[in-house]
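Keeping their order, the protein sequence lines are chains A and B.
Each step along the first sequence adds one to the number in the UniProt record's numbering, with nothing skipped, and position 113 is 113.
Each step along the second sequence adds one to the number in the UniProt record's numbering, with nothing skipped, and position 260 is 260.
Treat the hints with caution; some may be incorrect.
Output of the computed footprint for chain A on chain B, the stretches with three or more beta carbons under 8 Å from beta carbons of chain A [what the hints assert, rightly or not]:
1. 96-106
2. 110-121
3. 166-178
4. 198-209
5. 248-259
Taking beta-carbon pairs under 8 Å as the criterion, some of the chain A residues facing chain B (in silico) [what the hints assert, rightly or not]:
6. 6
7. 9
8. 23
9. 31
10. 32
11. 95
12. 98
13. 116
14. 121
15. 123
16. 129
17. 270
18. 287
Derived from the structure by calculation, the hints contain no laboratory data.
All of these numbers come straight from a predicted model, not from anything done at the bench.
Built from N, CA and C at the ideal position, the CB exists for glycine as well.
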Amino acid sequence: MNGNSSKSEMQAAYWMATPWLIGFTVLTVYPFLASLYWSFCRYDMLSAPKWVGLANYRRISTELFSGGTLAQAIFNTTYFAILSVSLSVVLGVLLAVMLSWEVRGRAVFRTICYLPSVVPIVAACVLWIVLLDPQQGMINEILLKLGIPAQGWFKSTSSAFWPPAWPEDHAGRIVGSKDGLVLMGVWGVGNLLVIYLAAIADIPPQLYEAAELDGAGRWRQFWHVTLPMLTPVIFFNVVVGLIHSVQAFTQIYIVSDGQGDPAGATLTLSLHLFLAAFKELDLGYASAVAWMLFVIILLITIWLFRTSHRWVHHQGGA
Amino acid sequence: MNNRTPGWLGFLSLVTFSALMAAPLLWLVLTSLKTPEQMASEPYSWWPSPIRWQNYSDAVTAIPFFRYLANTLILCVGNVVGTLISCSLAAYAFARLRWPGRDVLFAVLIATMLLPWQVTMVPRFLVIRELGLYDTLGALIVPKFLGEAFYIFLLRQFFLTVPQSLIDAARLDGCSEVGILMRVMLPLCKPALLTVGLLEFVATWNDYGGPLLYLNDPERFPLAYGLEQFISSHSSELNLLLAAAVLFTLPIALLFAVLQRAFLSGIATTGMKG
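Chain B on its own, in the form it takes in the complex:
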């Protein structure tokens, strides 16, 4: 059918647009392998020659890369675990249990998703500080153990699809509600858990606002925040800065390559990323 196959002009514009989208990333990777002299050389050449892998080893020593990475990983693990536990518990209560106030609270939960973060930012900051969490990774992790509306909503939608007969059978066998959640729901909803875990992992990996607000001691900076500090202090060593940016992007790109389906189903259910 002709609306599905383009003419040569259409094909040419597809190639052009794709090239424009790809060019910045391609430039990033190639330039991160150049020597400082090559970066300034005339006439300009995209291709690094010779390829300078040393930029990468220099980049990880120019900033405390591994310390930042360790902080990021602690945050990622903490946040993913916290989110999965708190949200699947609440989602089960909302999806499969009957209790007074459930429907009202669920409507309120949906409404909170519309609240801009700016409205609650200041009092939230003071609550976290009162709890003694300021300038600790806990400031970012502890709230994740207290559930998040969006993930609860997402998991609830999946829990609703599990047949009631399975739950009834488990109850007859004397299984507790937590037991049902653990042994019936979660195993059946693995794709949903993977999606939620992945979204939270990526959101944590990328998070800049949280550390900006709650962290002060460079010892505790995660990569996203530490890398940004690098922009102003090392602006003369652009090749190192770009190498660090590549290193920071690579794990997320790989994660996408491996778990493409979970990424896309996250977008399909929500229409946006994290």
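Next up, chain A with everything else stripped away, as it sits in the complex:
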């Protein structure tokens, strides 16, 4: 290829990349730098940003240690993220194994389990708000028939797993709004099923044959073949699931009437900083919280990758 044609190639490349380059500069690089700068400013959108040094970050640390709104938001986010991710892993693996069985009507079962994940989030919220209504909701009706007391769901501040207690002390514990959100999320586990199913289909049949020769029954085959072979996908599930649930916003905003109701029980970091920015016009503080969120996500991701070799099984290593 001669020099002339590669110069025209370069020109073509630049103009073809131009739309993205403009968007990247104006909608990513500038906002990225601006929010970093504003996190050191007092800024209300009406007058110019005013440099206040570390004041916003100092406010964050005070709120954290004095148990203010921010501490509550961090607790809610952590509870929601950990419960969502662990349930999605357990249910994802369990359902995928069952859906990989060669049974009659397998395609129907797969479609049924995948379908909830295509339901638009707003429609899913409408559905679950009605289903989980503490007074008239279908779910509480069913629970009552089964002899289980009515739960508070989206109207209750309590949570099923915090503070932790022995199972017998859990009796009478009310399942609350965060648990409702987790339940709603787990219902949409279908996307993950697709990936888990593909991974199960990729497990070499010889591994099962060898396990069977060694006299391993169904359970041992699951523990010693299926589960280890699925760890790379489980790892992916954990990383992406944590990032997604820490950033979750729409369903939380809708279910909590846009303010973390009831009594801040669903006020997550996303919602907290959204309200700080657009309700209280405290853009400096909101930017500082956003950067804190970013750093937390980054640290968790790095930590997950660092510790992954301890439990993620990689094929073809030796």
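Given the coordinates of chain A, work out where chain B should sit on it, guided by the hints.
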């Protein structure tokens, strides 16, 4: 082999779990066809009798359904077109052209996918407002004409699979780079374009955060946002609310039924939806 065929206990749990997954949707559809009296009747019955189709016609008149739908469709068409144009141009430049800075910029592009939307939310909002786009559908459409990292990455991976000989042949015939993109790349990468278009369509159809941030005038609300307003104002007419939710879900479910393969390949390449 025995790990592929369950015992009766396994089969029973498969049926149970599937029933639990299906029950909410089934309940949604059946309840959306009930009369208000049936909804309150004791003993509870799942089945609506008589079936009240009128809930659906009532639902579309109780809210400005068709106005919201029109807004949603404008957004969907605008966003899909914008995404396909801007992203395939950039993806071609990244995949098949040599230019200084390409590899560095591509690494940066990948890195931006890790940035939480909360970090850029506020300044982005102010940029859009400065551009005079606040409270217009343009606030949501214009950024789509400026490319999106994730789709550029996805399309680039597909463009890389097209044989270099086809590109060289087209160049020898005097075809411009855009011509190569239009006549060689895009026709060969139709499944990838379908996947990207579909993901963007569904993402736009479902988007709630965008309208919440950028739209103020109810005349411009898309369905996802308009429907949510309906929750608080019509909470006494639950059957209508549920009918509206069914109407809102149906097109996406149908799209999935028809284009199942493109949906699943989107997940297979990305591990998540939009």
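A quick look at each hint next to the structure:
1. 96-106: Holds: 6 residues of the segment 96-106 of chain B have a Cβ under 8 Å from chain A.
2. 110-121: holds (count 9)
3. 166-178: holds (count 4)
4. 198-209: holds (count 5)
5. 248-259: holds (count 5)
6. 6: holds (7 Å)
7. 9: Holds - the Cβ of residue 9 (chain A) comes within 8 Å of chain B, reaching about 5 Å at its closest.
8. 23: Holds - the Cβ of residue 23 (chain A) comes within 8 Å of chain B, reaching about 3 Å at its closest.
9. 31: Interface hint status for residue 31 (chain A): holds (4 Å vs cutoff 8 Å).
10. 32: Nearest chain B Cβ about 6 Å off; hint holds.
11. 95: holds (6 Å)
12. 98: Hint holds; residue 98 (chain A) Cβ to chain B Cβ min 4 Å, cut 8 Å.
13. 116: Since chain B brings a Cβ to about 6 Å from residue 116 (chain A), closer than 8 Å, the hint holds.
14. 121: OK, holds: residue 121 (chain A) within 8 Å of chain B, min 6 Å.
15. 123: holds (4 Å)
16. 129: holds (7 Å)
17. 270: The hint holds - residue 270 (chain A) has a Cβ within 8 Å of chain B, the shortest such distance being about 6 Å.
18. 287: holds (6 Å)
Violated hints are absent here; each numbered hint is respected by the structure.
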